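A.B. asks: So the chains spell out like this:
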Amino acid sequence: MTLAHLPALEVVVPLLAAPLAVLLRRSSLAWAIATAACAFSFAVALLLASEVSAHGPISYHLGSWPPPWGIEYRVDALSAFVLVLVSGIGTLTALYAWRSIAAELPRDQIYLYYALHCLCVAGLLGMTITGDAFNLFVFMEIASLSSYVLIALGRDRRALVAAYQYLILGTIGATFYVIGVGLLYLSTGTLNMDDLAARLPQAASPRAVLAALAFITVGVSLKLALFPLHLWLPNAYAYAPSAVTAFLAATATKVSVYVLLRFYFGIFGLELVAESLPMREILLVLSLVAIVTASLVALWQADLKRLFAYSSVAQIGYITLGISMASRDGLTAAVVHLFNHGVTKGALFLLVGGIALRAGSAGLECARGLGRTMPLTSLGIVIAGLSLIGVPGTAGFVSKWYLVLGAIEAGRWWLVAFVVATSLIAVAYVWRFVEAAYLSAPGGRTPEPGETPATMLVPAWILVAACVGFGLQTSWTVGGAQRAAALLLGGAP
Amino acid sequence: MNGAQLIAAALLVPAAGAAGIALAGRRPNLRESATLATAATLLVCVLGLLPLVLAGERPQLVLLEMLPGITLGFRLEPLGMLFALVASSLWIVNSVYSIGYMRGNNEPQQTRFYVCFALALAATMGIAFSANLLTLYLFYELLTLVTWPLVTHHGDGEARAGGRTYLGFLLGTSIVLLLPAIIVTWAFAGTLDFAPGGILRGAGLSNAALGGLLALYMFGIGKAALMPFHRWLPAAMVAPTPVSALLHAVAVVKAGVFTVLKVIVYVFGVETLAEVRAADWLPTVAGFTIIAASVVALRSDNLKRRLAYSTVSQLSYVVLAASLLAPLSVAAAALHIATHAVGKITLFFAAGAIYTASHKTEVSQLDGIGRRMPWTMGAFAIGALSLIGIPPTAGFLSKWMIFQGAAAAGHHAALAVLALSTLLNAAYFLPIVHAAFLREPRAGGGVHGEAPKPMLAALVLTALATLALPFVAAVPLALARAAAGIGT
Amino acid sequence: MSVLGHYSYWITVILMVAGLYIVIARGNLIKKLIGLSIFQTSVYLLYIAPGKLIGGTAPIVADGFKLYSNPLPHVLILTAIVVGVATLALGLAIVVRIREAYGAIEEDEILAADRDRGAGA
Chain A
1 MTLAHLPALE VVVPLLAAPL AVLLRRSSLA WAIATAACAF SFAVALLLAS
51 EVSAHGPISY HLGSWPPPWG IEYRVDALSA FVLVLVSGIG TLTALYAWRS
101 IAAELPRDQI YLYYALHCLC VAGLLGMTIT GDAFNLFVFM EIASLSSYVL
151 IALGRDRRAL VAAYQYLILG TIGATFYVIG VGLLYLSTGT LNMDDLAARL
201 PQAASPRAVL AALAFITVGV SLKLALFPLH LWLPNAYAYA PSAVTAFLAA
251 TATKVSVYVL LRFYFGIFGL ELVAESLPMR EILLVLSLVA IVTASLVALW
301 QADLKRLFAY SSVAQIGYIT LGISMASRDG LTAAVVHLFN HGVTKGALFL
351 LVGGIALRAG SAGLECARGL GRTMPLTSLG IVIAGLSLIG VPGTAGFVSK
401 WYLVLGAIEA GRWWLVAFVV ATSLIAVAYV WRFVEAAYLS APGGRTPEPG
451 ETPATMLVPA WILVAACVGF GLQTSWTVGG AQRAAALLLG GAP
Chain B
1 MNGAQLIAAA LLVPAAGAAG IALAGRRPNL RESATLATAA TLLVCVLGLL
51 PLVLAGERPQ LVLLEMLPGI TLGFRLEPLG MLFALVASSL WIVNSVYSIG
101 YMRGNNEPQQ TRFYVCFALA LAATMGIAFS ANLLTLYLFY ELLTLVTWPL
151 VTHHGDGEAR AGGRTYLGFL LGTSIVLLLP AIIVTWAFAG TLDFAPGGIL
201 RGAGLSNAAL GGLLALYMFG IGKAALMPFH RWLPAAMVAP TPVSALLHAV
251 AVVKAGVFTV LKVIVYVFGV ETLAEVRAAD WLPTVAGFTI IAASVVALRS
301 DNLKRRLAYS TVSQLSYVVL AASLLAPLSV AAAALHIATH AVGKITLFFA
351 AGAIYTASHK TEVSQLDGIG RRMPWTMGAF AIGALSLIGI PPTAGFLSKW
401 MIFQGAAAAG HHAALAVLAL STLLNAAYFL PIVHAAFLRE PRAGGGVHGE
451 APKPMLAALV LTALATLALP FVAAVPLALA RAAAGIGT
Chain C
1 MSVLGHYSYW ITVILMVAGL YIVIARGNLI KKLIGLSIFQ TSVYLLYIAP
51 GKLIGGTAPI VADGFKLYSN PLPHVLILTA IVVGVATLAL GLAIVVRIRE
101 AYGAIEEDEI LAADRDRGAG A
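If you're matching them up, the sequences are chains A, B and C in order. Heads up: the first sequence begins at 1 in the numbering used here, then just goes up one per residue. Heads up: the second sequence begins at 1 in the numbering used here, then just goes up one per residue. Heads up: the third sequence begins at 1 in the numbering used here, then just goes up one per residue.
These aren't lab readings, by the way, just hints derived from the structure by calculation. Keep in mind that this is a model prediction, so the values were computed, not measured. Built from N, CA and C at the ideal position, the CB exists for glycine as well. Just so you know, not all the hints are guaranteed correct.
What the hints assert, rightly or not - Using C-beta positions, here's what the derived DEER-type ranges look like: (1) A:Ser28 - C:Val96: 24 to 34 Å; (2) C:Ala25 - A:Ser276: 41 to 51 Å; (3) A:Val285 - C:Tyr21: 44 to 54 Å; (4) B:Asp301 - A:Leu376: 54 to 64 Å; (5) B:Gly197 - A:Trp414: 25 to 35 Å; (6) C:Lys52 - A:Trp414: 46 to 56 Å; (7) B:Glu107 - C:Leu111: 27 to 37 Å; (8) A:Val285 - C:Lys52: 34 to 44 Å; (9) B:Asn106 - A:Ala410: 56 to 66 Å; (10) C:Ile11 - A:Ser276: 52 to 62 Å; (11) B:Ala468 - A:Trp414: 36 to 46 Å; (12) A:Trp300 - C:Ile14: 39 to 49 Å.
Stated by the list, open to error - Going by beta-carbon spacing under 8 Å, a handful of chain B positions derived as facing chain A: (13) Val62; (14) Ile92; (15) Glu107; (16) Leu138; (17) Pro149; (18) Gly172; (19) Leu179; (20) Val184.
Stated by the list, open to error - Sample of chain A residues at the chain B side, in silico, Cβ under 8 Å: (21) Leu270; (22) Leu272; (23) Glu275; (24) Leu277; (25) Pro392; (26) Val404; (27) Leu405; (28) Ile408; (29) Leu415; (30) Phe418.
Looking at chain A on its own, in the form it has when it is part of the complex:
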C-alpha cells in the first residue's frame, strides 16, 4: 500500500520536513530532520529507479484523479535518473552543512537554512517527477524562491545583490515558462504532458504553439543558464554559502535541463522543434559559444568559486550541445553529462567550501601550498578536476566519449575537433589550481590552515569516489542514459 504511494512520498516528505524544521528551531534537530528527509527521498528515488528499469514507467495519480483531469506523477527512465541525482546530492550537502553552515551563519538562523534546503529539494524533485506542466511551474517557483533565500544567506553583502539579480531573472524565466504553458493550454485545453503531446498535432493554431515553444525555451534557458542568459549564475554561486553553491550547481541547472528535454522531446516532439523553427541550430551555436567563452573567462578568474561557476556555464554548453544533436548518442551524452557533471561539480564545490572555511576565502591565492596543508582536499579537487577535463577513468570522460561519438555519427568532423580541443581549456583552468596547490609555497599565513573537517570531507569524497566509480563502471549511468535517450526519441522504453 505505502509502496504504491512512493512517488508522492518522494516529494511530500522533504516538503513536510521544511515546516517541521522551522517548528523545532533547534539547529541540531533541524539538521537531523533535513538529513533524514533527504536520505529518505534518496532511498525512494533508488527504489523507483530500480522499479522503472525492471517494470517500465510508473504513473501515479495524485488524489486518485486519473489524468488528464488530476495531476499525474510520472517516473520514467529519465526522471528516475534525475531524481537519484537531486536527492543524492541533497542528502550529501545536508550532511556537509552540519559544519559548513554552522561556520557561515549565525546560530539562530541555522534552522532556516535546513528548512529552505528541504523546500528546495522538494521543489526540484517535484519539477522532476510531475507530469503536469502547470504543477511544474509551481514546483519551479518553490525551488526558485527557496534558492533565492539560500543565496541571500551568504555572508558577503554581495550575496544579497546576487540573490536579487537571480530573483529578477529567475522570475522572468519562470513567467516566460508559464506564458508558454498558458499558450499551450489555450491551444489544447490540457496541462497533462502526455495529453499535451497527443493533442498538439491537432492544435488549431500552429503559430500559438510555436510561440509557446519560444517562450518555454527562453524561460527554461534562463533557469539553466544557457549562454547568454547565464549572467545571474557566477555571482550567485560565488557568494552563496558553500553548501548552497554545491547543491545548486549540482542540481538546479540540471533539473532545468531535464525540463527542456521533457518539453522538446516529450511534448513538442522533434519534428516541431527541429523543422518549424531552427531550434537545433540555435542551440548548437549557443552551446559552442558558451563552451568557448565561459571556459576562457574561467581561465581569468581569481576566485575558485567563480572559476568553477564559469566552468559550469561551459559544461552546460556541452549538455545542450548533446541535446542539439538530437540523436541517440547525442542525447545519451546530454543525459549522462547531466548526471556526471552534477556529481563532479558537487564534489568540486564541496571541497572548495572546505578551503573557504579553513583559509577564509576561496581565492586562488588561498590555494597556494594547499597540497601540503590540506592534502585530501587538494587531491579531491584534482581528481574531480580531471573528471571535469574528461580524463579516462573519470565520469567526465564517458560524457565526452558519447558527445564525440554523436558528432562522428552525424558526420560533423569539425565538431569532434571542437569538443576535444575545448577540453584543453579545462586542462588549463584546472591546472591553475594544481600549480597553486602543489608548486607554490604557502602564502605565509599563520596559523596554517588545517585539513577540512571530516564531516565535510566525507560527503565531498563520496562524490569524488563517484567521479571515479562512474568513470570505470558505467553500466548504471550509461545504461540509464541510453534508456532515457531511447525514451525521448520515442523508441522502446
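We have chain A already, so just place chains B and C on it with the hints.
C.D. replies: Below, chains B and C alone, put in the same frame as chain A:
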C-alpha cells in the same frame, strides 16, 4: 597462481606499494625498503608470467565494463610481456640508484617521489597488459598525470615551465588527436580489442581515411615523440635524474613506441597497412625525426638535453622500423625497445652520477673527468657504444635487425637514414668519451671522487647488462619475433 | 472585429511589455520589482480571460444553466498569484537587506560601492 592472478598482482603490487611507501614516509629507511621490496615483488610477478607467454598462452583478466561493449580488461601478449619485463627489471636497478641520488643530493619531498614512481610503474604495467585501446588509453593518461609531480619535483619556476610543456604536449596530443582516433576506430570497427591482423580491415574506411586515422594515432601518441610533438621530452629533463633515467628513457617513452607498435600491429594490421599503402608517409616523418633530433643533440652542450634528443631520435628508430611493415623490421622494433632501454638508462645513470659527484651538467665541463670517475665514465662509454650500435653491445643487435628489415623491405632511403644517423650518434657520443678520458682536466675543477655507492652499483649493473644482453638475447628475441608473428 | 475582438490579448501584451521594460530600464530596485509584478499580472490575464464564456456562469450544476465558464484557469491563477505575492515579498525583503548593507537601492550606486571596496581592499 594462474595468469589472471599474476596480472592482477602485477598491477596491484606497485599500487599497494605506493600506499605502503606513503605510510612509511616519516622513516626513510623503511620507505626505501618498501620501494625495493615492491620493485622485487613486481619483478617476480612479471617473471612468473614469462613462461606462460613463451609457451604461447595469453593470460587474460577482465575487471569492469567501462563503456557498453568495452571492458577494462587485460590480455598479455609477447610485446606487452617484453615491455613489462624491461620496465620492471630496470625499476629495481633504478630504485637502488634513486636512493643514492636522492640522498646524495638532499632532494626535498622524497616520499612523494617514491610514491609517484611506484604509481608510474603501476600505470606502465597497465599499458603493457591492456587488452584493448581504451584500457591502454586510460593507463596512458594516468602515466602522464602521475609523472607530472616527478617532472615538477623541484617546484621552482623552471620546473613549472617544464611541467607545463610536458603536460601541454602529452595531454594535448592525446586528447586532441589520440582520443578522436580511438573513438573513430570504435565507431567504425565496433571493437577496440587488440587482435592479430588488426580490427580495421573491412570496417568501411577508405584508404585515405585509413591514412588520416594512422596520422591521428601516430601524432596523437605524443609519448613516442615524433616531430613536431617531441618538445616535452627535453622539457621533462628538469626532473631529478632517476626520473629521466627510468621514466623518460624507459617507461614513458617506451610506452609511446609500444603503443605505436600495438596500433600498427594489432589495430591496423601490418598486412592491411601494406596493402592499402596507408603508412607510406610514416618512414619519412620518422626518418626526419631521427636525423633532425640527432643534429640537435650534436649541438646541445647540456648533457641531459643531449641524451634527451638522442632518445627522441632513437624512439623514431622504433617507429621507422615498425613503419617498414616487414615482419623482421617489426620484430626489430620490438627488440629495440629493450636494447635502447638498457643503454640509455646507463647513460642517464652516468649523467646523474656526474652531477651528484661534481655538479657538472654541461658536456664542455667534462674534460678529464674519466680519471676521477673511471667506473662512471666506463659505463658511459659502454652505453654510448650500444647506442651507436657497435658489437658486442646490445644496441648492435637491434640495429642490425632494423638494417636487415629495411633491406628486406627494399627501403633504400631508410637504409641511408640509418647509416647517417649511426654516424651522427658516434659524432655526439664519442667526443664525450674522448674528452673524459684523454683530455687534461681543467684547472679549478674541485676535488671529487665517484658518486655514492648505490648509484655506482646501479650504473655498473646496467652497463654489464648492455654487454651481456646479446649473449642472453634468446628470451627478448623470442618475444619480439612472436610479437611480429614470425614462426613461434 | 478581429483586432478589437482580441482586446484582452492586447491588454495582456501591453502589460507584459511594459512590465518587462520597467524591469530592464529602471535602476531602482523597488521599481524593478513593481515592473516584475506588472509582468506577472499580465500572465494572470492571459490565463483568465479566455476562460470566461460570454453568458456563462460559475460552474455549479443547477437547473436552467447550460453554459459554464472554465474554472480551471481561476484555480491555476490563484496559485500563480500566491507565487507572485511570495516573490514580491521576498524581493522586497531582499531590498530591505540590501539597503541595510549598502545604504542604497539604486543599482549603479550598489555596483559602485562594491567596486570601490574591491579597489580599496
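A.B. asks: Now tell me, hint by hint, if it's right for this structure.
C.D. replies: Now for the hints, and whether the structure bears them out:
1. The hinted window of 24 to 34 Å between Ser28 (chain A) and Val96 (chain C) holds, with their beta carbons roughly 30 Å apart.
2. Evaluation of the 41 to 51 Å hint for Ala25 (chain C) and Ser276 (chain A) yields a failure: the beta carbon distance comes to about 32 Å.
3. With their beta carbons about 27 Å apart, Val285 (chain A) and Tyr21 (chain C) fall outside the hinted range of 44 to 54 Å.
4. Between Asp301 (chain B) and Leu376 (chain A) the beta carbon distance is about 44 Å. The supplied range of 54 to 64 Å is therefore violated.
5. Checked against the hint of 25 to 35 Å, the C-beta distance between Gly197 (chain B) and Trp414 (chain A) comes to roughly 33 Å, which is consistent with it.
6. Roughly 54 Å separates the CB atoms of Lys52 (chain C) and Trp414 (chain A), a value that falls within the hinted 46 to 56 Å.
7. Checked against the given bound of 27 to 37 Å, the beta carbons of Glu107 (chain B) and Leu111 (chain C), roughly 51 Å apart, lie outside it.
8. Judged by the Cβ atoms, the range 34 to 44 Å given for Val285 (chain A) and Lys52 (chain C) holds: they are separated by roughly 42 Å.
9. The beta-carbon spacing between Asn106 (chain B) and Ala410 (chain A), approximately 58 Å, falls within the hinted interval of 56 to 66 Å.
10. A C-beta distance of roughly 28 Å is found between Ile11 (chain C) and Ser276 (chain A), which places it outside the suggested range of 52 to 62 Å.
11. At roughly 54 Å, the beta-carbon separation of Ala468 (chain B) and Trp414 (chain A) lies outside the given 36 to 46 Å, and the hint is violated.
12. For Trp300 (chain A) and Ile14 (chain C), the Cβ-Cβ distance of about 43 Å falls inside the hinted range of 39 to 49 Å, so the restraint holds.
13. A hinted interface residue such as Val62 (chain B) counts as satisfied when its beta carbon comes closer than 8 Å to some beta carbon of chain A; here the least separation is about 12 Å, so the hint is violated.
14. At about 28 Å, the closest approach between the beta carbon of Ile92 (chain B) and any beta carbon in chain A exceeds 8 Å, and the interface hint on this residue is violated.
15. With its C-beta approaching chain A no nearer than about 16 Å, Glu107 (chain B) sits outside the 8 Å limit, and its interface hint is violated.
16. For the restraint placing Leu138 (chain B) at the interface with chain A, the shortest Cβ-Cβ distance is roughly 4 Å, inside the 8 Å limit, so the hint holds.
17. For Pro149 (chain B), the shortest C-beta to C-beta distance to chain A is roughly 7 Å, which falls under 8 Å, so the interface hint holds.
18. Checking Gly172 (chain B) against chain A: minimum C-beta separation of about 6 Å stays under 8 Å; hint holds.
19. Hint status for Leu179 (chain B) relative to chain A: holds, with the closest Cβ pair at about 6 Å, below 8 Å.
20. With 8 Å as the threshold, the beta carbon of Val184 (chain B) comes within range of chain A, its nearest partner Cβ sitting at about 6 Å, so the hint holds.
21. Nearest Cβ of chain B to the Cβ of Leu270 (chain A): about 23 Å, over the 8 Å cut. The hint is violated.
22. Below 8 Å, beta-carbon pairs count as interface contacts, and Leu272 (chain A) has none with chain B, the closest being about 30 Å; its hint is therefore violated.
23. Violation of the interface hint for Glu275 (chain A) is found here, the shortest Cβ-Cβ separation to chain B being roughly 27 Å, above the 8 Å cut-off.
24. Restraint check, Leu277 (chain A) versus chain B: the minimum CB separation of about 30 Å is more than 8 Å; hint violated.
25. Interface restraint check: Pro392 (chain A) against chain B, minimum CB-CB distance 4 Å, threshold 8 Å, status holds.
26. For Val404 (chain A), the interface hint holds, since its Cβ comes within 8 Å of a Cβ in chain B; the closest pair sits about 5 Å apart.
27. Residue-level restraint check for Leu405 (chain A) holds (minimum Cβ-Cβ distance to chain B is 6 Å; threshold 8 Å).
28. Hint on Ile408 (chain A) holds. Least Cβ distance to chain B is approximately 5 Å, under the 8 Å limit.
29. For Leu415 (chain A), the shortest C-beta to C-beta distance to chain B is roughly 11 Å, which exceeds 8 Å, and the interface hint is violated.
30. Hint on Phe418 (chain A) is violated. Least Cβ distance to chain B is approximately 10 Å, over the 8 Å limit.
Of the numbered hints stated above, those contradicted by the structure are hints 2, 3, 4, 7, 10, 11, 13, 14, 15, 21, 22, 23, 24, 29, 30, listed in ascending order.
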